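> The chain contents come next:
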Amino acid sequence: MVSGFHVPGSGDTGPDVPEFGFSPEVVLYPETVEEISRVLGFASRNGIRVFPFAGGTKLFLGNPVGAVGAALSLKRLDSVLFHEPSDMVSTVECGMEVSEFQNAVGRENQIFPVDPPRLNSGSTVGGLVSTNLCGPMSTRYGTCRELILGIRAVRADGEIINLGGKVVKNVAGYDIPKLMVGSLGTLCVLAEATFRLYPRQPFSRTIVLGFDDHISCSRAAGAILAADVVPTCFEILDEKLSSEFAAAPGAKRSLLLRFDSFEEAVLEQVRQVREITSGDFASFTEIGNEDSQELWDSAREFPFSSGAGFSSKLALPVTASIEVLSGIESNPALLGVTARCLSRPARGVALVSVSGDDQEAVRAARFLENLADSLGGRIMFSGVRRELREEVKAWGDFGDALFLMKNIKRRFDPGNILPGEKIFDAN
Amino acid sequence: MDSQAVKRTGRWKSRIASELVEILGAGAVISAEDELIAYESDGLTGYRVRPLFVVLPSSTEEVSRVVGLCNREKVPFVPRGAGTGLSGGALPSREGIVISLARMNRILDVDIPNRVVVAEPGVVNISVTDAVSAEGFYYAPDPSSQIVCTIGGNVAENSGGVHCLKYGVTTNHVLGVEMVLPDGEVVTLGGPAPESLGYDLLSLVVGSEGLLGIVTKVFLRIIKKPQMVKTLFASFERIEDAGASVSAIISSGVIPAGMEIMDNLSINAVEATVGAGYPRDAGAILLVELDGPEAEVNVQVPAVSGILRENGAIEIKLAADESERQLFWKGRKSAFAAMGKISPGYYVQDGVIPRSTLARVLGEIGELGRRYGLRVANVFHAGDGNLHPLVLYDPEVEGESEKAEELSGEILRVCVDVGGSITGEHGVGVDKKRFLPLMFSEQEIDTMNLVRCAFDEEGLCNPGKVFPTPRTCVEPGMQKRSSETAPAKEMGELF
Ligand SMILES: Cc1cc2nc3c(=O)[nH]c(=O)nc-3n(C[C@H](O)[C@H](O)[C@H](O)COP(=O)(O)OP(=O)(O)OC[C@H]3O[C@@H](n4cnc5c(N)ncnc54)[C@H](O)[C@@H]3O)c2cc1C
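Going down the list, the sequences are from chains A and Y. Just add 14 to the spot in the first sequence (first one is 1) and you have the numbering used here. Just add 97 to the spot in the second sequence (first one is 1) and you have the numbering used here.
A couple of the hints might just be wrong.
[What the hints assert, rightly or not] Quick list of in silico lysine to aspartate or glutamate cross-link-like pairs, DMTMM-like style, CA-CA up to 20 Å:
hint : chain 1 : residue 1 : chain 2 : residue 2
1    : Y       : Lys322    : A       : Glu435
2    : A       : Lys420    : Y       : Asp280
3    : Y       : Lys263    : A       : Asp242
4    : A       : Lys266    : A       : Asp242
5    : A       : Lys407    : A       : Asp372
6    : A       : Lys420    : Y       : Asp543
7    : A       : Lys420    : Y       : Glu282
8    : Y       : Lys586    : A       : Glu45
9    : A       : Lys420    : Y       : Glu461
10   : A       : Lys420    : Y       : Glu555
11   : Y       : Lys263    : A       : Glu48
12   : Y       : Lys500    : Y       : Glu461
13   : Y       : Lys586    : A       : Asp171
14   : Y       : Lys321    : A       : Asp242
15   : Y       : Lys586    : A       : Asp242
16   : Y       : Lys322    : Y       : Glu419
17   : Y       : Lys263    : A       : Glu39
18   : A       : Lys420    : Y       : Glu554
19   : Y       : Lys586    : A       : Glu49
20   : Y       : Lys586    : A       : Glu39
To be clear, the hints were calculated from the coordinates, so they are not data collected in a lab. Only a predicted model underlies this, so the values are computations on that prediction, with no experimental measurement involved.
With the hints as constraints, model all of the structure from the sequences given.
Structure follows, in structure tokens:
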């Protein structure tokens, strides 16, 4: 076997290959950006479609991919190339696991503050950028969109490009690094990314507020958003998740918050939250850093941890992301399924997982789609069972941006070498 | 594009003028030569071009119809806000139309619970904060020009300000836009929700320097005013120590809202004009603004003071009240204007460097100044490494303005050499387009052109800016295939 590639079914045992849902003729393991460039140059000249991947932890995002000639693994590009602690900037290869990257910058007491699902099961930097997944810490730090400063990438025609830069402020040329965020590998193959980092905070405290009804919970959430406190994480859990995460068992709703700063500042903010919500909560628990780990792991992994069915993300205006929980809980359209919901109000995000039999699940999906629409938001579905994919597409309506998105794709990759159907449904 | 500008006949001009009047009304079309002069340049007055017409639409529909007309007639058009841009972004096109958004200056919605203000592009930056201030909110990006510059201009330039170290620049505060594309079509990208799905086209539009279309409505994120704001002033004998303090503060885990440095020349310019009470003999002064929850700021103030002392600060003052705080800032905010008092002419540059190279770069700038025999004043957003070297010259002295321009270019070269950028917030415009190749290869600039072509195939929207050489849009076809295509398996032999 030639080093650096693997032909599935040839009898060789190649490196771990994830379940793609399609059968590539070859799996390639380049070690340098020049090798990626050669692959894509060859591919575009010969009309061979190439599917980039790395950790293989998020292949269920986006629409299913049609026929692909080569799967291109970024796994061997896995080092930190540059880290200047006093600039708080680091450049990392895209095949590196996010958790390893975090450990590397952590040695300088800095953080790369993105905590996506599957963080500790192989999620890579490239996967993170191309999916734009995030977790509880996005409340304070945003997603990689807010952190990315530059990229080194290979265009579908094989050209190597470096765009953006290594400084935190830069307006030279269009912000193409941000365009790559969330593009699901449909525009370029990312080889390296440069990020802004943040200092690690010395002290941290988690609090859980349990509520007997949704009205008092919404009121408390609104009060916290309006208060002079700056939580790192702020989540609302519905009744099921309150119990399943062992956050506030038995509560109708719960709020989950974490503060990170100097000790005095953290304790003072915790005190303030307690004060402004005291008339509303039924229980108030403070949890130290170590003991809160499991809770945050659960919140981070949701909704991909929830098994069968599908999950969805609703991007909504802030207030709608609070109220949406009630809309979901009480709606008869969801009676036949089990729905769980977590909301991240500062980001206007609601995550919903649904399990149930086919017909009911499709009905639930339609309902959520209409709900997102009526609240002035957008929706995406992921992890949809094969049998339901005809009915439940990965993406809701993109509005009138769709044709511009298609223009961008056509300009960057006219031959659709990098499977665009992940975003643009083939039908 | 400029060089190929079509010469129009008088008949054509009067026909277009009457069509414009039909769309907009006579009071919104400027064609008199003496009135056009005011629109010949933006804040970078060295470049001047007189447009054919200036139009002042009042609605998205009017913008769309004017753009549709330009598209039909193949007339280049240039969006314009307040004209304070410092890179020539709003410089008119020869034989082109300037579309001023000045009359689209209404705040359309203030939605406190959702933390969104919807504004027309001609709204002045400070008015957004004014509209929400009573409720305890503000709009974070605060360019020094904020009392005049417009939201549309801010979006186009991705403007920054003195507080962007902690809060980010315009792109971090724009949730959505409505825009008129270069063919006249109206689209909405993003909206009131903080997150969006699909390709992040909004991030392309913010910072696009008016090349991708005309923004007609903006969804802005507003944030809560911090509970406490404290401003520290420190003076140093050597500017290097001020620079070292900045790195040390950030390394300690504190992210101030802003950190600004001024060198001795700037201090003296400011003292000669506004009198902010800065010590004239100091090598540099540093302003550090800390904000956030009271309990946090109260811990940070002594921590930062300690760092300043360790790094050789001669004098450290904490603003006792809001009026003293304003006084500290007054000098900084009037620094550009003050230069006009000590020098008949100056060039502002906008290079960015990694913070860790500050001392080295300041040394090199000093050396370059000596070599060219010109004074260079340094005023900068130290926290994010965004320098604003002001090259002083006398336009009356033969050849001096050329020398100043050359020196400015040399400074940008130094910035790029240490891993920085040619512009942090003012944009490339016409001024810095020739320096773009210092940072990017032909292929990289071509890649930027792919974005432009996805929005503007005809290249009529603000042509002649950003790109160092004119680029057209080639219709993308399938890549040229080899006559006999190879199977994927052969790819294993590529490496
Ligand atoms: C004294 C002074 C201090 C300054 N300080 C700062 C500072 O601290 N930080 C900073 O970042 N900048 C600063 N600037 C630069 C300038 O104020 C900003 O770039 C500002 O955003 C320009 O806004 P404007 O309304 O004047 O835009 P204009 O100068 O009119 O236009 C700027 C660009 O935006 C485009 N444009 C305008 N409106 C639209 C629209 N609706 N749709 C699409 N494109 C549009 C124009 O075509 C042009 O390319 C300063 C300028 C001055 C004169």
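> Of the hints stated earlier, which fail here?
1, 4, 9, 11, 15 and 17
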